[in-house]
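> The sequence shown begins at 1 in the working numbering and counts up by one.
Hints are supplied without guarantee of correctness; some may be wrong.
Said to hold, decoys possible - If you anchor each label on the Cβ, the simulated ranges turn out as follows:
id, residue 1, residue 2, range
1, Pro36, Ser114, 28 to 38 Å
2, Asp22, Thr59, 26 to 36 Å
3, Ser129, Gln24, 10 to 20 Å
4, Pro36, Gly86, 32 to 42 Å
5, Val43, Ala122, 29 to 39 Å
6, Gly86, Ala127, 15 to 25 Å
7, Gly146, Ile102, 32 to 42 Å
Quick caveat, the hints were computed from the structure, so don't treat them as lab data.
Ideal Cβ positions, reconstructed from N, Cα and C, are used throughout, including at glycine.
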Amino acid sequence: MRSCALAIALALTFAVSLRAQDRQVIQVPGALAGLPFSPAVRVGNLIYLSGQIGNLPGTRQLAAGGIAAETRQAMENIRTVLTAAGTDFVHVVKCTVFLVDIADYAAMNEVYASYFPASPPARSTVAGSGLALGARVEIECIAAVG
């Protein structure tokens, strides 16, 4: 019995170490350097994207024009990360949208929906009190690949 438990423990340890080796950080050309998080991480056939705000590529400047412009830029930033990971919007399976003001929901949703014209992914939307750089919207996604 003891040897069976030891064998199971060793098998689980081996499986966990293999999983850790499967973790791949996705590098995105032109991404801001020095941030304490990766743009995306691949584990198995899933890509976990960090939240994207509507900052112009390679800068800390938000797209001008309000929630619609910020949402569009956030989605374009997501497109850039998805492309670097070898996938696209068709393969996105889940998104979480963070809004500073829930009153921006309709305007955000109009832009967001244009990126998923058929079979949109599962999604949650949450309103909170503040986002990085004073952004009005942040969107994170999970996508499949391969």
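> Hint by hint, say whether it matches the structure.
Quick rundown of the hints versus the structure:
no.: 1; hint: Pro36 to Ser114: 28 to 38 Å; verdict: 32 Å, holds
no.: 2; hint: Asp22 to Thr59: 26 to 36 Å; verdict: 33 Å, holds
no.: 3; hint: Ser129 to Gln24: 10 to 20 Å; verdict: 34 Å, violated
no.: 4; hint: Pro36 to Gly86: 32 to 42 Å; verdict: 25 Å, violated
no.: 5; hint: Val43 to Ala122: 29 to 39 Å; verdict: 18 Å, violated
no.: 6; hint: Gly86 to Ala127: 15 to 25 Å; verdict: 33 Å, violated
no.: 7; hint: Gly146 to Ile102: 32 to 42 Å; verdict: 37 Å, holds
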